[in-house]
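Go ahead and model the full structure; you've got the sequences and the hints to work with.
Protein sequences, first through last, are from chains A and B.
Note that our numbering gives residue 578 to position 87 of the first sequence, counting from 1, and the numbers run on in steps of one.
Note that our numbering gives residue 504 to position 293 of the second sequence, counting from 1, and the numbers run on in steps of one.
One or more hints might be untrue.
[What the hints assert, rightly or not] Think about it this way: if two alpha-carbon atoms lie no more than 25 Å apart in a straight line, the pair counts; the simulated BS3-like pairs of lysine-lysine are:
id: 1; chain 1: B; residue 1: K534; chain 2: A; residue 2: K728
id: 2; chain 1: A; residue 1: K633; chain 2: B; residue 2: K484
id: 3; chain 1: B; residue 1: K552; chain 2: A; residue 2: K633
id: 4; chain 1: B; residue 1: K480; chain 2: B; residue 2: K534
id: 5; chain 1: A; residue 1: K728; chain 2: B; residue 2: K480
In short, the hints are calculated from the structure, not lab data.
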Amino acid sequence: MKPVETAERTPEAGPEAANGGATLGTSRGFLRKQLQQILAFASLIVLVGFFALANSNFLTWSNMMGILVSTAVIGILALGTTYVIITGGIELSLGTGMTLSAVMTGVFLANLGLPLVVGVLGGIMVGAFIGFVNGFNVAILKIPPFIATLAMMLIAEGLALVISGTAPIYFTDVPGFTSISQGTLIPGVNVPNAVIILIGLTAVGAIILNKSVLGRYTFAIGSNEEAARISGINIRKWKILVYTLSGAFMGIAGVVLAARLNSAQPSLGVGYELQAIAAVVIGGTSLQGGKGSIVGTLIGALIVGTVTNGLRIMSIPQEWQTVIIGLVILVAVYTDILRRRRQS
Amino acid sequence: MTDHLLEIDGVSKGFPGVQALSGVHLQLDAGEVHALVGENGAGKSTLMKILAGIYQEDSGTIRVNGRPVHIDSPRTAQNLGISIIHQELSLMPDLTIAENIYIGRERRRGLGFFMDDRDLNRRAGALFDQLGISLDPRTKAGDLLVAQQQVVEIAKAMSFDARILIMDEPTAALTDSETETLFGLIRDLRQHHTGIIYISHRLEELTAISDRITVLRDGSYIDTLATPDTDLRHVIALMVGREIKGETRPAVPRETRPTALEVTGLSTKSLLKDVSFDLREGEILGFAGLMGAGRTEVARAICGADRPDHGDITVHGQPVKIKSPSDAARLGIGYLSEDRKRFGLMLDQDVGFNISISSIPSYTNAVGLVRDNQVRQTARHHVESLKVKTPSIAQQTTNLSGGNQQKVVIAKWLARDCDILIFDEPTRGIDVGAKEEIYDLLTTLADQGKSIIMISSELPEILRLSHRIVVMCEGRVTGVLDNADADQEILMDYATRAGAHGGMTV
Numbered sequence: 492m493k494p495v496e497t498a499e500r501t502p503e504a505g506p507e508a509a510n511g512g513a514t515l516g517t518s519r520g521f522l523r524k525q526l527q528q529i530l531a532f533a534s535l536i537v538l539v540g541f542f543a544l545a546n547s548n549f550l551t552w553s554n555m556m557g558i559l560v561s562t563a564v565i566g567i568l569a570l571g572t573t574y575v576i577i578t579g580g581i582e583l584s585l586g587t588g589m590t591l592s593a594v595m596t597g598v599f600l601a602n603l604g605l606p607l608v609v610g611v612l613g614g615i616m617v618g619a620f621i622g623f624v625n626g627f628n629v630a631i632l633k634i635p636p637f638i639a640t641l642a643m644m645l646i647a648e649g650l651a652l653v654i655s656g657t658a659p660i661y662f663t664d665v666p667g668f669t670s671i672s673q674g675t676l677i678p679g680v681n682v683p684n685a686v687i688i689l690i691g692l693t694a695v696g697a698i699i700l701n702k703s704v705l706g707r708y709t710f711a712i713g714s715n716e717e718a719a720r721i722s723g724i725n726i727r728k729w730k731i732l733v734y735t736l737s738g739a740f741m742g743i744a745g746v747v748l749a750a751r752l753n754s755a756q757p758s759l760g761v762g763y764e765l766q767a768i769a770a771v772v773i774g775g776t777s778l779q780g781g782k783g784s785i786v787g788t789l790i791g792a793l794i795v796g797t798v799t800n801g802l803r804i805m806s807i808p809q810e811w812q813t814v815i816i817g818l819v820i821l822v823a824v825y826t827d828i829l830r831r832r833r834q835s
Numbered sequence: 212m213t214d215h216l217l218e219i220d221g222v223s224k225g226f227p228g229v230q231a232l233s234g235v236h237l238q239l240d241a242g243e244v245h246a247l248v249g250e251n252g253a254g255k256s257t258l259m260k261i262l263a264g265i266y267q268e269d270s271g272t273i274r275v276n277g278r279p280v281h282i283d284s285p286r287t288a289q290n291l292g293i294s295i296i297h298q299e300l301s302l303m304p305d306l307t308i309a310e311n312i313y314i315g316r317e318r319r320r321g322l323g324f325f326m327d328d329r330d331l332n333r334r335a336g337a338l339f340d341q342l343g344i345s346l347d348p349r350t351k352a353g354d355l356l357v358a359q360q361q362v363v364e365i366a367k368a369m370s371f372d373a374r375i376l377i378m379d380e381p382t383a384a385l386t387d388s389e390t391e392t393l394f395g396l397i398r399d400l401r402q403h404h405t406g407i408i409y410i411s412h413r414l415e416e417l418t419a420i421s422d423r424i425t426v427l428r429d430g431s432y433i434d435t436l437a438t439p440d441t442d443l444r445h446v447i448a449l450m451v452g453r454e455i456k457g458e459t460r461p462a463v464p465r466e467t468r469p470t471a472l473e474v475t476g477l478s479t480k481s482l483l484k485d486v487s488f489d490l491r492e493g494e495i496l497g498f499a500g501l502m503g504a505g506r507t508e509v510a511r512a513i514c515g516a517d518r519p520d521h522g523d524i525t526v527h528g529q530p531v532k533i534k535s536p537s538d539a540a541r542l543g544i545g546y547l548s549e550d551r552k553r554f555g556l557m558l559d560q561d562v563g564f565n566i567s568i569s570s571i572p573s574y575t576n577a578v579g580l581v582r583d584n585q586v587r588q589t590a591r592h593h594v595e596s597l598k599v600k601t602p603s604i605a606q607q608t609t610n611l612s613g614g615n616q617q618k619v620v621i622a623k624w625l626a627r628d629c630d631i632l633i634f635d636e637p638t639r640g641i642d643v644g645a646k647e648e649i650y651d652l653l654t655t656l657a658d659q660g661k662s663i664i665m666i667s668s669e670l671p672e673i674l675r676l677s678h679r680i681v682v683m684c685e686g687r688v689t690g691v692l693d694n695a696d697a698d699q700e701i702l703m704d705y706a707t708r709a710g711a712h713g714g715m716t717v
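Printed below as a string of structure tokens:
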């Protein structure tokens, strides 16, 4: 596949400039840090070019918007879970937690008839609460993240079905709700709000990760949790915050999805977590923790969206699309491993 | 000349940057208990690992029953009848004694699919009879006392028909009566013509159990003495060697200074017993002792990394509760572990990140975002003042040398405004030139008023830098000495006297 070739031909930065000048070291260090992102972005361009040549319907405004809209939900999930993965954790309840948030939004708005803002914030809070419980289980009860969030995945799935009575909740009687995803905030430019939300959250997410204390500690915990603890960082508190933040993103994704479908579908959601994790990993965030970026995750999500859309346009069956996404993940992670090995 | 059971003749072994063994001799006869002693780093464990087939010697000869052998793997060692009882016991707690002894060597039944448990227990029973051990082979190893596990380890070694048994600190975790039981077993083995190399830091034991004593120092063979004719003081003198004079010692006592940290009655269930001491402002307080004496445990308790069971801590006169490292950091206590890579640094992050990580909340603006300029400024300031050799603060710490990594950890605590610094083996893994720099740095920090606890296994280092010295042995403080009253022999004496010097000599 093309991304591999791009990656393997990329020349390495050369021997580490341990004795080199300061500026040289800095710029190389910067390049090296951003390399996986640059590679991911190059892969995205190559993919878009490939599909554009393969099918003339691919590179149209409406199809591009379609990709962005379908990327929005997975992208928002992926942004939030990037923090969790940088701490060295994992978040498997993303998909069903999102569904539960959507169902609860439906309960608040369609069943209870609460005001729009209250219902939407309530839905987001449900997501944040699920994240908080995950964080509590991981940080305080010391349950391994994989197990803690796997259990939460089942709990959220079951609760979503119970609360909704296994039937979809429709927002037909809630004026204005669908425009959260489908409307266009910017007059005259035909970009759906879901896409604007994705881009806005990317910006907010990047600022939090790169500029806030939370972001700094996220990296510290993932790099060396024990050293972070000895350095005086309250690991429990910050881990809970990280999972809660991820949960809030999950809640937002639930609202955006419900607004796009004009309904909360209680049986939808399983599988989203894996696509979101795939996006994070493709974007260069290391599952070992300590390394990752928000912009990389956005690119990763776009790659997943582009491949899915492109293959569909080329009339490749759904089953094969899944296989190919799997291969893309393998290639992306192996590229990263290759790069690390050469570095050391 | 009769053949010795085991003869080590001029064996040398080097690692990059260090000569671990040079020309070591040792003869072990059948039915002999031969003690091997030396300070930490004298080369005992390297020699042991060569005999176990884990390392190969660079030069020299090893003979078993007069035949030169080359022990190229643990399997070879086993075939030669060499067995090692490690300090850390390695029994599997959920298996029975018999299963533990014969693991990998079980007789099978039913197409090799089933264990023959009856045969297993019968063989273990026969072995125990022969060794005079009264344990039920069907007991789970996890239900045994440490001393009993030790016995099982020895039985396991004997089940391989071991003729040469190497015991590494076998009594470290045993009570006095358990030690007696173990010695009984050792005397039985001696009757059966087994040769035993006995490594121990408890010198008093050697009189009770050993026939001869071989002393190693800095990887070199020093002497072999017949135990009955030997005074233990002489052994200690041989272990530490003549003191290297001419190195500076801190001149000004700090007794008049206010107390920065006071620890009273610190105890843990596993090791520490009633540890009390005080640290003055601007003082370097050395902590001497052998490995496992509990010095690191004391440090980890003070900095909140572990929770002690008892004990009170006072910082600058105020009683405090330290429940976590973040409590300790808030009180201005910073810990620098001997294992920098595990407990000190985030290796895949850059120098600036590592220096600032402990103090990051102090660089935030009104909105809670980190002022990167200020972070960089602080990091650069510390890099310059501590003379960290790095091309820039954007360099990954993994690329720095040991000495410079250590300076980054120091900078991290200085950025956090810590005034009590606990250094655990500050120069471990650091080359000689860089050591001098670290020494100068410690002295400078103390002169600036920082209070420093320095744990070190290198006595010259302790004597050179410390104003006062706390000596520990087996979880207790066995002595607190002014530098002027201490030399290597005195320190070593306190470090090997568990309980004998119960009181503190302040």
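Do the hints match the structure? See the list:
1. K534(B) / K728(A): 14 Å, holds
2. K633(A) / K484(B): 30 Å, violated
3. K552(B) / K633(A): 23 Å, holds
4. K480(B) / K534(B): At roughly 17 Å apart (the allowed maximum being 25 Å), K534(B) and K480(B) satisfy the hint.
5. K728(A) / K480(B): 29 Å, violated
Hints 2 and 5 from the list above are not met by this structure, while the remaining hints are.
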